[in-house]
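In order, the protein sequence lines correspond to chains A and B.
Under our numbering, the first residue of the first sequence is numbered 366, with each subsequent residue one higher.
Under our numbering, the first residue of the second sequence is numbered 1007, with each subsequent residue one higher.
One thing to keep in mind: the hints can contain errors.
Derived lysine-lysine pairs resembling PhoX-like cross-links, with alpha carbons at most 25 Å apart [unchecked claim]:
1) B:Lys1048 with B:Lys1093
2) B:Lys1033 with A:Lys504
3) A:Lys504 with B:Lys1048
Here are the simulated distance ranges between beta carbons [to be verified]:
4) A:Lys465 with B:Ala1009: 51 to 59 Å
5) B:Leu1249 with A:Ile542: 35 to 43 Å
6) A:Ile492 with B:Pro1075: 26 to 34 Å
7) A:Ala411 with B:Pro1075: 49 to 57 Å
8) B:Pro1075 with A:Ile482: 24 to 32 Å
9) B:Leu1244 with A:Ile478: 52 to 60 Å
Here are some, though not all, of the chain A residues that point toward chain B, as calculated from beta-carbon distances under 8 Å [claimed, not checked]:
10) Val386
11) Tyr390
12) Thr396
13) Leu414
14) Leu556
In short, the hints are calculated from the structure, not lab data.
Since we're looking at a predicted model, the values are computed, not measured.
Note that CB positions come from ideal geometry on N, CA and C, so glycine has one too.
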Amino acid sequence: MKIDLKSPFSTAVAIGVGIIVLAGYFIPSFTNVRFILLRTGLVLAAVALLVGIINLITVHIKKLGADSDNSGYSLILVISLLATLVIGIIDMVQTYLVGKPNYQMTGWIFTNIQLPIETSLLAVTAISLTYAAASILRKRMDIFSIVFFFVVLLVLLGSFSIPPATLPFLHVIREWILRVPALGGARGLLLGIALGTITTGIRVLMGIDRPYGE
Amino acid sequence: MSATGFTGIVIIVLFVGLMVFFSFINKDRKTKNLRPIPAYDKIIQEIKVAVEDGSQLHISLGRGGITGPEFAAALAGLGILKKVIEKSSVCDQPPIASTGNPVISILAQDTIQRSSKAISVTDHDKNPSGELIGVTPFSYAAGTLSIIRDDNVSANIHTGWFGNEIIWITTAGERQSSPTIAGTSQLTAQSVIYASASDPLIGEELFAGGAYLGEEKIYQASISAQDVVRWIIIFIILASVLLNILGINTFFENVLAGSM
């Protein structure tokens, strides 16, 4: 009979570390151990980024070979990733060995490519959010959706600084919505999420949910 | 130990005690005393559709990491991924999982491998896949669009940590006329999901996936424990309001300040 010692060991380590980190929040003498374990976790998470990038390249190289409509995007992704990686390595060598200013070329890529693209995507997001709020009644015509739609409308009107939306009562209504029902609702949701988070955490600590292997 | 630390330990001990208690008193495995959540009914329905028409389910797990409060949402998403793989084991096309965080990507691949092994998926081409899509909010959203636009994807399940960029993902599903079930623990993204997803999961509903999609007693027990603690909180809030109205609030303030 083959006995797999790996699974009870990994479970015991995960539960033990989880309990020590949790205890560190409540018992001051565990605080230092908690910080050491969390720092170790952060280092492991950084290593996971490398594994993730390898996974990303592997998936998209496979897509290049497949007869797919999206293979063009995969090609652009692989070329961009490799080019940025090579430029990053050259930059690192120049910064640390040659003594040139810090990461000049990588900085240029972020300022002139990444930043404008992300900013324009943010602008599109604003339009998409407005569209979603406007189309909610088409999706679900119930009392909650109607309330949601009119609250969004009132808050938007109360935020405008151009007539006729500058009427004082609109600002008063907006402030009241934000301070009373919106804040109360948000706190209610946060309490629910906190309860859900606690039960999820306890299930992991009890070994019922095991996202780290059998 | 501080008063906050003591309260924290009391809450955790109370939760563990209630979960154990409810799992013992609930002997009947098949009876579920749970309020209906349409989004979970929809997931079960969509798994059946995928089995019948040979299509694929897409599960996106968001971009939450392991070092913050977002990890709980990612864990809930991983739990739902596991249940969906188990339930869709007879599908021609296995589910596809996408993430925006490398650690969650590794955990998703591990969940997929374990679940596939447990349900004896021997054909490796039929193994579900887990992909890291992008590590920034917009690269993740933009990369996920290509999966949603795949004609073979019949439904999208987005459970994990998302920001406002989820609007891209949910509206893409709408354009494809495929059902979108979504839930997150981020407050602003929840309102976005409510407005744009066909079946939203609100608040703590995201964390109830195990109880609604699985059969294990402990998941239902954790929901019952949650409800009991919720009632205790409601009682404390109402009692505080009453005491405040009666002007007794200063008594507790003085006790906490240690000036009694």
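Hint by hint, here is what the structure shows:
1. B:Lys1048 with B:Lys1093: The given pair, whose Cα atoms are some 13 Å apart, holds under the 25 Å limit.
2. B:Lys1033 with A:Lys504: violated (41 Å)
3. A:Lys504 with B:Lys1048: holds (16 Å)
4. A:Lys465 with B:Ala1009: 51 to 59 Å: Holds - the Cβ-Cβ distance for Lys465 (chain A) and Ala1009 (chain B), about 55 Å, lies within 51 to 59 Å.
5. B:Leu1249 with A:Ile542: 35 to 43 Å: Cβ of Leu1249 (chain B) to Cβ of Ile542 (chain A): about 28 Å, so the range 35 to 43 Å is violated.
6. A:Ile492 with B:Pro1075: 26 to 34 Å: holds (30 Å)
7. A:Ala411 with B:Pro1075: 49 to 57 Å: violated (20 Å)
8. B:Pro1075 with A:Ile482: 24 to 32 Å: For Ile482 (chain A) against Pro1075 (chain B), whose Cβ atoms are near 29 Å apart, the range 24 to 32 Å holds.
9. B:Leu1244 with A:Ile478: 52 to 60 Å: Because 55 Å falls inside the window, the suggested range holds.
10. Val386: violated (11 Å)
11. Tyr390: holds (7 Å)
12. Thr396: violated (11 Å)
13. Leu414: holds (5 Å)
14. Leu556: Since the shortest Cβ distance to chain B is 6 Å, the answer is holds.
The structure fails to meet hints 2, 5, 7, 10 and 12 from the earlier list, while all remaining hints are met.
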